[in-house]
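Trainee: The lines below spell out each chain.
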Amino acid sequence: MKKFPYKHLLGLEGLTREEIEFVLDTAVTFKEVLERPIKKVPTLRGLTIVNLFYEASTRTRISFELAQKRLSADTVNFTPSSSSVKKGETLRDTVRNLEAMKIDMVVVRHASSGVPYFLTQCLESSIINAGDGAHEHPTQGLLDLYTIREKYGKVEGLRVVIVGDIKHSRVARSNIWGLKAMGASVAVCGPSTLLPVEMEKMGVEVYTDLNKALWGADVVNVLRLQLERMERGFLPTLREYSRLFGITKERLALLNKNYTIMHPGPINRGVEITPEVADSPESVILAQVTNGVAVRMAVLYLLSGQQEEAVA
Amino acid sequence: MQKETPVLDERQLGRVLARISHEISERNAGAKNLVVVGIQTRGAHLARRMAKLLSELEGLKVPVGEMDITFYRDDIETRPDRPVVKKTHIPFSIDEKIVILVDDVLFTGRTVRAALDELIDFGRPRAVQLAVLVDRGHRELPIRADYVGKNIPTSQSQEVIVRVKEADRQDSVSLTDKKRARR
Amino acid sequence: MPKKSKKEEALPRTPAVIAGGRIIDPASGIDRPGDVYLEDGKIARLEFSKLLSKKSIQSFGSKALDASGLVVSPGFIDLHVHLREPGREDEETIVSGTKAAAAGGFTSVCCMPNTDPPLDNQENIRFVLEQARFAYARVYPTGCITQGRKGEKIAEIGDLYSAGAVAVTDDGSPVMDASVMRLAFEYSKMFGIPVVQHAEDMSLSHGGLMHEGFVSTVLGMRGIPAAAEEVIVARDLKLLESFGGRLHVAHLSTAGALELVREAKKKKLPVTCEVTPHHLTLTDEEIKKSFNPNLRVNPPVRSKKDVEALREGLIDGTIDAIATDHAPHSREEKEVEFDAAPNGMIGLETAFGIVMTELVAKGYLSLAQAVEKLTAGPAKVFGLPGGQLKVGRPADITIFDPGQSWTYRASEGFSKSINSPFDGWSFKGKVVSTLLNGKVVYPFESKLEVTPLGPQDKIKLQVAGKKTSKRKK
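These protein sequences, in sequence, are chains P, U and Z.
Following our numbering, the numbering of the first sequence begins with 1 at its first residue and continues without gaps.
Following our numbering, the numbering of the second sequence begins with 1 at its first residue and continues without gaps.
Following our numbering, the numbering of the third sequence begins with 1 at its first residue and continues without gaps.
Honestly, I wouldn't trust all of these hints.
[Claimed, not checked] Here are the computed lysine-lysine pairs in the DSSO-like style, where the Cα-Cα straight-line distance is at most 30 Å:
(1) Z/Lys-54 - Z/Lys-390
(2) U/Lys-178 - P/Lys-3
(3) P/Lys-201 - Z/Lys-305
(4) P/Lys-39 - U/Lys-61
(5) U/Lys-178 - P/Lys-2
(6) Z/Lys-267 - Z/Lys-238
(7) P/Lys-151 - U/Lys-86
(8) P/Lys-102 - Z/Lys-289
(9) P/Lys-180 - Z/Lys-305
[Stated by the list, open to error] Listed next, the stretches of chain U that the computed footprint assigns to chain P, with coverage defined by at least 3 CB atoms under 8 Å from CB atoms of chain P:
(10) 10–18
(11) 120–131
Simulated from the structure, these hints should not be mistaken for lab results.
In this text, all values refer to a predicted model and were calculated from it rather than measured experimentally.
Heads up, the beta-carbon is just placed ideally off N, CA and C, and yes, glycines get one too.
Isolated chain P, as found in the complex:
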């Protein structure tokens, strides 16, 4: 009986609580491996994994690379420069090359939603979504869930607030799906111009008032504000955003005891979160990074060797 019967991981939408728990449990065993003197197991020896990163992302790519190497897999990085390349043309040509090279797994990050799905239609390999546009970032969602579960022993019943540019955030979306599947109650908070339409239909409370949103919350997941939102006119100034939505020490008083501060990184210190809060003992930002490798190892391990066309 397959506990995680999928060949691809494209998103957390549609995964059941049991399936997510299974991934997290597997990640626990990999975290133990990361504490051994030899932080390596031969499990995926002989497997070739390509990291296809169309969007620059050092940390996620490194995290995946570490996970792959710790599983003894062979890793190839492919980061096409976006400058001179005509959109669309590159992906198709790249796909043709990958097809010919018989790659076992592809980890893909791309600025367009749906690209990982596109790859599942043209490649035999297992596809792992490392972030597609603003759509999903399932491994980030999983490592966030892992981190919460590690601290509280459970996710169910907790109140989690995601703060920031929800509209353009794949981290927010994956987190929402995962948290809801695990029984948490979820709220999102951000300026109206950065909240997508009909957001409440995802089963979350929607706030534009940060104080109201934080009241009674256990976990605050602070999203990175991308500076280009200013350039595109979504926000007047960074200063105003900070004032209205920045997570400061004072605001923490609104949270429940034993609260947790999370952030997917990299942090804009002083914008969405003060350095004080980011470095406080309640912040698990660094633990998220550690857990990221274990969770990605678990995902790679669980997806390897799947023959079925089932898609997560």
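Using the hints, position chains U and Z against chain P.
Mentor: Quick look at chains U and Z alone, frame taken from chain P:
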């Protein structure tokens, strides 16, 4: 229900474990520098019992750990299912120690091979000695046990069922003719 | 090439009579069994009382087209087709596009001027008409509203009209500047032709890939709000009211825009509108299922509510015509990830099947109403000849089987392009035969049609059978 032929009952199993523990202490002239590591899952239970017996015998605490060998299996690619991986917990150094590796049934030897590879990644033991409750023959690799509870000649189609109180509510070893799902 | 049935094999190319069918001609209010007599490419007589018996039909021999069990209607008219010639002959030509039209039952098409070079001067209009001499359907070109479709200065609409343009449009782009739109309305008044607006406020739709709604929120895709269409429609209606002219709203897609047109019609403003078969069928949820780049279209496929409202609009007459917005794109350009794909899908060969299966069979429209939206309705909008079975007029006739089940395969179609999200769909209702000037143009006589300009045969692309694996929930 498959027909099971009993091989060892609770008392017999208990005596076998006691005898193996004596053999271990005899061969190693005591329990100094000894550590016990059991292979998940039933091997780990047996390892804990043996470590306790050895501790009582020699009057010193013998460290015991457990190991899941799933990540070191040689058949990862051919087995599509991913069973739940159990804990690996070896909270002590194995460098220069004599490691008593414990498993319930020795069959093809592949599990022990994986266990050895995993053990080596934890450090460099002085020696590794293998203790098994049952040796059922049909080795596919050049592996032999140093301590055997009971030799049970079997045919390929038979299955040896080991039950331990910690997991199965009883202590017993039996033999069945029908092939059961691989554990 | 679909297998020829016994009927087709004995098909007379220039029948003297089409007998035994049910004649549906909404323009004349006819819906009854009848025989159509043809002579010299024109309709000679419509006979309703002395109908030919099966025996008599057989005695006519090869001069009678047996339409028993079939419906005989005026040839369909498509107000909105991209024939891509001049400029993108790799995607479609006037010959291949009209071949697809004929296969879909269309005997007249209005082609859009967003070609390369655009149809903003009389030479280019004449070029299209010249190419159209070898077409399988009548081609009525539309000209550009503005020079180069830049939206800044109006084009030589007088020349375009004289050369044969039946309307002006910058389709593909809206006229963003209200003062230019005003000039367009006023200037075109002199020639009595409508101004067709592709209603899209580019500042609101900027960067959007699909309809802005819950689905775009879940997918994290930039959305095109309904307001982008409605804002322009509202503005144009005000301009119409203030300065006169005639407005035709192209590919209307939102409930809000429909309501604006409905209100304007109540005020008797000279406005008409068209809707595509895909906007009457598909919703944004389809994109979530498959990210199929063939679903990327402008205006985007909208929500269920919009689809329902548009169906209502057909029933209550607010919508004048069904037009396909047939937009061929090359494989290289379309078979990419969703947001790199150009907008547009082909539609000439699926329009009728979709209308029959999704609207008639599901009870939204009666057969006669459906035929009206494909014939009399469009003819009226642009003042085109045709759309009616009238004695003395050219015999442009479509014969269809309302009950025939068939499966559409884009790769077997007659368009040069295959970008259709309806590939593999099953329909109930198929065009069996299309006549232009009394001559049967569809089914086609042979695969290769030799024309003075050289063979424009479409190389049938063999699309490797890609599994349409469903996303597991």
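Trainee: So, for every hint listed, does it hold in this structure?
Mentor: Taking the hints in turn, this is what the structure says about them:
1. Z/Lys-54 - Z/Lys-390: holds, 25 Å
2. U/Lys-178 - P/Lys-3: holds, 26 Å
3. P/Lys-201 - Z/Lys-305: Satisfied, since the Cα-Cα distance of roughly 16 Å is no more than 30 Å.
4. P/Lys-39 - U/Lys-61: holds, 28 Å
5. U/Lys-178 - P/Lys-2: holds, 24 Å
6. Z/Lys-267 - Z/Lys-238: At roughly 12 Å apart (the allowed maximum being 30 Å), Z/Lys-238 and Z/Lys-267 satisfy the hint.
7. P/Lys-151 - U/Lys-86: holds, 21 Å
8. P/Lys-102 - Z/Lys-289: Given that 30 Å is the threshold and the Cα spacing comes to 27 Å, the pair holds.
9. P/Lys-180 - Z/Lys-305: Holds - the C-alpha atoms of Z/Lys-305 and P/Lys-180 are around 27 Å apart, at most 30 Å.
10. 10–18: Since three or more residues must qualify, the claim that chain P covers the stretch 10–18 of chain U is violated, with 0 doing so at under 8 Å.
11. 120–131: holds (count 3)
Checked against the numbered hints given earlier, this structure breaks only hint 10.
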